[in-house]
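Could you put together the complete structure from these sequences and hints?
Protein chains in written order, with the numbering used here: chain A, 600 to 943; chain B, 600 to 943.
One or more of the hints may lead you astray.
No distinction is drawn between identical chains; accordingly, a pair holds when it is met within one copy or between any pair of copies.
[Claimed, not checked] Straight line, CA to CA, 25 Å or less: simulated DSS-like cross-link-like pairs of lysine-lysine:
# : residue 1 : residue 2
1 : K746      : K933
2 : K880      : K932
3 : K696      : K601
4 : K880      : K746
Don't read these hints as lab results, they were simulated from the structure.
Number of protein chains: 2
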Amino acid sequence: MKFGVIGSGSWATALVKMLTDHGQSVNWWVRSPETIEYIQRRRHNPHYLASAYFDVQQLQMREDVNAVIAASDVVVLVVPSAYICDVMDQVDSELLKGKKVLSAIKGLVPGPDLLLNDYLQQRFDFPLQDYFTLLGPCHAEEVASEKLSYLTFSGVDMEMAAQIAAAFKTPYINTIINNDILGVQYAAVLKNIYALGAGMAHGLEYGDNFLSVYIANSADEMASFLRTVGAEHIVVGEHHTDPITQQRDLNYAASVYLGDLLVTCYSPYSRNRTFGNMIGKGYTVQSAQLEMNMVAEGYNAAKCMFNINKAIGADMPIASTIYRILWERVRPKKGFAEIEKVMN
Amino acid sequence: MKFGVIGSGSWATALVKMLTDHGQSVNWWVRSPETIEYIQRRRHNPHYLASAYFDVQQLQMREDVNAVIAASDVVVLVVPSAYICDVMDQVDSELLKGKKVLSAIKGLVPGPDLLLNDYLQQRFDFPLQDYFTLLGPCHAEEVASEKLSYLTFSGVDMEMAAQIAAAFKTPYINTIINNDILGVQYAAVLKNIYALGAGMAHGLEYGDNFLSVYIANSADEMASFLRTVGAEHIVVGEHHTDPITQQRDLNYAASVYLGDLLVTCYSPYSRNRTFGNMIGKGYTVQSAQLEMNMVAEGYNAAKCMFNINKAIGADMPIASTIYRILWERVRPKKGFAEIEKVMN
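Okay, here's the thing in structure tokens:
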């Protein structure tokens, strides 16, 4: 199985490290010839995760995304969700036929606000059967320093998911397989919203006692949403049951759900938490964005999930209050006074 | 309802603050006349939680534990679990008749290794119907600074639990009622074991990615134990079903379960975490205890729960590995290599 990695940020670089450390040769889309030349000479990415070194003999770097896809069996998509449409617009749809797509994207496709599998299906008629995700609590920095991490590979085709996962296994990566292909993606989006809220709580000067109650209740709310989604495959505006993903007895305390929520909420480096902290302290959304010079993923995610949940109808008082603070100018203090009442 | 607080450490002092802030008058067992005189004059406990001030007109402090019990309807037990037998040996069993006991003790009664309700039943024939607990993620320091915290009051008599809880309600304390009187106590014991393990993981130089997976899997293991206990009231060595506590659909992501686990595992100040960290770094149990000049609660708890679980038979690979590291000289690195394999 030949892997093609589409993306060259820090998470993409971490994945290239895993694959090459496992002995896999990798086709890697790197847009700039200077960067390709640098990596070949210096054995590491100068721009991202510079402390990760590769055996460059295993790397086939190319400037052309279609050349990477053509040469690969498994196309690993790992660009920020904000840019995925730009990248996919360059892709020759014929080349995708018969390939497997492995998504490492932690977010919805902006604009249509879809899970990537739904976007690929609509745009390329790409079958869910060939779609897989790679998610879990895994800061790229800890991959660079080879601290043991757990990654979950999901797909409706669990056998193929296991084969793909095997290529990422190294002494510092343990792999887990499940078939909750929709749930794991929603969990990755929701965790950013709850982490943003954890930042707000911090900015509002709640203490550690409250934070633990907030995160526990967020975990419960996430599980309640995922149980609802698990039974029905829902695309915004449409409703169609998908028996393959019917699972009511999933373990939502596993690493890809609760683990990822914990690492994101408790990390002081999380952009969502930093952004939320500023909102909690009284900054407007605009001035927090100006100050940080970036958009925290949880900000758009809060709106998307609010809309998606209109169709799903899960009870989500925490996430919807965070949405109303960010998008409907509810004062953080007032919003959290409501959250206080629903927690147990 | 008159409350008598048995104990004068930091958690007892925090509870006296809540009760008096709510406007309740409190009988308080304070053993030294000098301390009583100091508190009357200076309005705070000189030895513990000195930043919490009271309206002393609401306090009736006495040196005699039986005088406090005689004057109270609800006896709040809040001494370290290591000393509870010494205290109860001084108590006139006739005086306990008809009283309610509210336990704020986060541990098993040492020696017989029983939940406090089982110990009181055996020693004083005290009925479970009159027994309540007050538990949840709540550092006393945050009570002193009036940061919002959540406390869960449990009892088979939920109406009485609600009446008792009402006396602790203040702007900084939200109260929750449940009837899982065994589960909440076991959760309070188990969290110390898992926090000790979190310290070990830190000492072994695992990173944040691993820690989040470890804590998520600990939460799952705790829930699995509690589901088993929830269906059967089990005293060590005996087995008898107790239909009152039969609950299979409890929310184990609530504050008194997952919330308390999170605040204990993530707190860098936790004694259990500090102790575990030293074990992970290679100290023996004896030298870690000497160095810390105290025993971490999770150390004895690991052994007790290992024995208790022989009767219950829940699947607890994490807790039992921590037991074997602490009590059977399994090397931490070897133990955690086993824990790595069972997590998902």
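Here's how the hints hold up against the structure:
| no. | hint | in the structure |
| --- | --- | --- |
| 1 | K746 x K933 | between (41 Å within a copy, 16 Å between copies) |
| 2 | K880 x K932 | within (10 Å within a copy, 43 Å between copies) |
| 3 | K696 x K601 | within (15 Å within a copy, 76 Å between copies) |
| 4 | K880 x K746 | between (34 Å within a copy, 16 Å between copies) |
Hint check: no violations occur; every hint is consistent with the structure.
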